[in-house]
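Converting from the sequence shown to my numbering requires adding 1054 to each position, the first position being numbered 1.
No lab work stands behind these hints, which were simulated from the structure alone. Beta carbons are placed, not taken as given, at the ideal position from N, Cα and C, and that holds for glycine. Mixed in with the good hints, there may be bad ones.
Simulated restraints, written as ranges between beta carbons of each label pair [what the hints assert, rightly or not]:
#, residue 1, residue 2, range
1, A1255, I1230, 20 to 30 Å
2, R1561, G1641, 18 to 28 Å
3, V1345, E1455, 19 to 29 Å
4, E1170, R1659, 28 to 38 Å
5, V1345, P1670, 30 to 40 Å
6, V1554, H1470, 20 to 30 Å
7, G1597, M1055, 45 to 55 Å
8, G1492, G1468, 22 to 32 Å
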Amino acid sequence: MYLNRELSWLDFNGRVLALAEDPSVPLLERCRFLSIWASNLDEFFMVRVAGLKEQVAHGIRTPSPDGLTPAEQLAAIAEKVEDQYRRVGQLFLDELTPLLAKSGIHFSTYQALDPEDRQFVDQQFRERVFPVLTPLAVDPAHPFPYISNLSLNLAVMVRNPETGVTRFARVKVPPILPRFVVMPDGERFLPLEELIGAHLADLFPGMEVLRRDAFRVTRNADLEIEEDRGGDLLAVLESELTRRRFGRVVRLEVHSDMDPGVKALLMREMGVEDRDVYVSDGPLDLAGLRVLAELDRPDLVWPQWSWVTQPRLAAVGGEKPDLFEVIREGDLLVHHPYESFTTSVVAFIEQASRDPQVLAIKQTLYRTSRDSPIMAALIEAAHEGKQVVALIELKARFDEERNIEWAQRLEDAGVHVVYGVVGLKTHSKIALVVREEGEGITRYAHIGTGNYNDATARTYEDLGLFTCDPQVGADLTDLFNYLTGYSQQRSYRKLLVSPVGMRAGIRDLIRREAHPEGRITMKMNSLVDPELIDELYEAARRGAEIDLIVRGICCLLPIEGSRLRVRSIVGRYLEHSRIYRFGARGGRRDYLIGSADLMPRNLDRRVEVLVPVEDPDLQFRLDEILEVELADDVLAWELGSDGTWTKVPTRRGIDSHLVLRGLAEARAAARID
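All chains, full assembly: derive it from the sequences and hints.
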C-alpha cells in the first residue's frame, strides 16, 4: 500500500524532465528544465543515494514501508536513473541541439570554429583559463589525485615519445569559470572542456596526447551533525563542511565513448562499482545549461510578467500604506509570485525596523538570498536599539555556509542570533513584531509557507498570512521562547506546531472527515508519513472524498474505486505552498497553511508551524487556489492505482499558473479602479 519514497522522487524529477521534452514549452525554458533536472539529480545522489549506500555498507537490511531493503532500492534507483539518462541523451542531441541551431544558438567543437573564432577562444584560453589549470600526473611519485564533488574533469592519456611510457593525468575543469565560452556574437557556445581539450599540448609540452575523456564525480555530501557531543554548533558545522568535501564517491558519470581502460582505472581508484557508473551520450554537467535560459532572446522564453502588489498594500496617491494599520483592519493573505514579496513581506520587516514604536522583531530564517533586504532590515533594527532575535537554521542543507556567514554578520551588528533546538531543525517560516500602541502592545505576525528569500520568491509559489490576532501572537511568543530558551511548551492556542502537536492535530482532522459526506483537500510538496497515509486510507474506505495535490514525493497509492485522487502540478513556478482543507462546502471547514509537509521529519524532527485561516474572504482565496489546481489540465499529472504517473489530457486548457496570475491581475486592477 506504499510507494517507495526514492522512486517516487525520481518520478517527480521525471515530470521535470517531461517539461524539457515538451515541444509546447519555449526552447530556452526547455533548456532551463533540463538544467533543473540535472541539478535535482545531483542533490538526490549526494544525499538520498549516499544514505542508502551507507546503510548497505553497515549491513542494514531493514526494509522501508514499501518493503524494499536498501540494496533493493539502490538497484531500482539505478534502473530508473539509467532510463532518464537515455531520455536526456536523446533529447539533447536529437531535439534541443538542432532546434537551438535553427534559432542561431550553436554548441560548437573547437575543430568546427573558423580561424577568427579560434583566434578569439585561443586568447580566452591564454588569458583566463590556462593560468588556473593544474594538470595532475599519476605515476609512482604522484598518487591518484583527489577528485572533488561535482567536479568536471578530463582524464588524459599521454605518452613520452622518448621512452614510449604511457601515463594518466587528470585536468580539472575549473568550476570558478563559466561552463561555456561565449563567442562574440553571444549565441555560439564552446564547452569549457572542449577548449581545454584542444590545448592539452600546452599543458603537457614534449608529450604526445593520446586521448582525453570527460568524467564527473558525485560524493556523499550529507552532514552528520552530533549536536549532543558538546562544543559550539557553529564550530562543529564548519568542521563538518570541510569533511563534506571528502565524502565517499556515490556516482561516476562518463561519456559513452570513454576508453574502457580509462573507465576501469577511474573505477578502481575511486572505489566505485559498475552500478555506480552512469553513461551519457550528451555532455556531462547539464546543470550548466541554465546560462542559456538567461540569454536575451524573448522569442525563446516565456513572456516576462511583473507580479502585482496585493491590493490592500497598493500605494494610494503615491503614499505607501502603513502595513500595521492594514493588518489591524483584518488578516491579510499574500500569494507569491503572483503578488509581490517585496511590497509585502520585505516591506513589513523594513517598516518594523524603522518604526520607533516597534520594540522587538523576532524571526526564523531557514534559507535566504545572498544580498537579502530582510537581513539588512534586521541589522538596521538592531542599530536602532530594537530587540532583534534571528533564529538561523545552520543545518539547512547546502545553505550552511551562507547561513554561517549571515549569523556572524548579524551577531556583529548586535542581533541576538540563536541556532535552534538541539536535535531539531527549525523549518517554520515565522516573524513576530512587537509594537507599543496606546497603553499596551500589539503583536503583528507573518506566517508563511516559503523561505524569507526575495530571490526564490520570484519563482516559488507560496502563501503568507499577516495577522495581529492576539492568540496567534501569544502562540508565537511562546514558540520563540521555546526556540531561544528552555521552555517546555507543549500546547498552543491556535497554531499546530511540530513536533509536539501537529501530527495529532492533522490526524484528528482526517478522522473527523472519515465518513461519506467527508471532504479532505491537501496541497503539499511531499506525502511520506505512513501513519497519516493510513489515516487517509481509512477515511477513503469510509467514503470520504479526498483530493491530494502533491508536487514531489507521494508514497500513498490511490485505492481503485475510491474517491481518493492524487495529482501533481509541475510548471513554470515551483509549487511550494502547503494548504490543508477539511470539511465539505456548506458545512464546517477548517483551513491551515504553513511550512510542513506530511513527512516523518516534518512532523517529528523539525519545528514546523501551521496556522488556521479563519477569515471567510481569505478562505475563499484558498478555495480559489485549490479549485483552480484541481481543474488544471495543462500542467497536471495524475497518480494511478498501479503507481504510475500519467499526464492529464488537455481538454479545457486550464493552466493553473496562468489562471492564478490572471486572477491576481484582476484583483489589482479592481482595486485601482
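These are the hints, each one checked on the structure:
no.	hint	verdict
1	A1255 <-> I1230: 20 to 30 Å	holds, 24 Å
2	R1561 <-> G1641: 18 to 28 Å	holds, 20 Å
3	V1345 <-> E1455: 19 to 29 Å	holds, 23 Å
4	E1170 <-> R1659: 28 to 38 Å	violated, 59 Å
5	V1345 <-> P1670: 30 to 40 Å	violated, 47 Å
6	V1554 <-> H1470: 20 to 30 Å	holds, 24 Å
7	G1597 <-> M1055: 45 to 55 Å	violated, 18 Å
8	G1492 <-> G1468: 22 to 32 Å	holds, 28 Å
Hint compliance for this structure: hints 4, 5, 7 are not met, and every other hint is.
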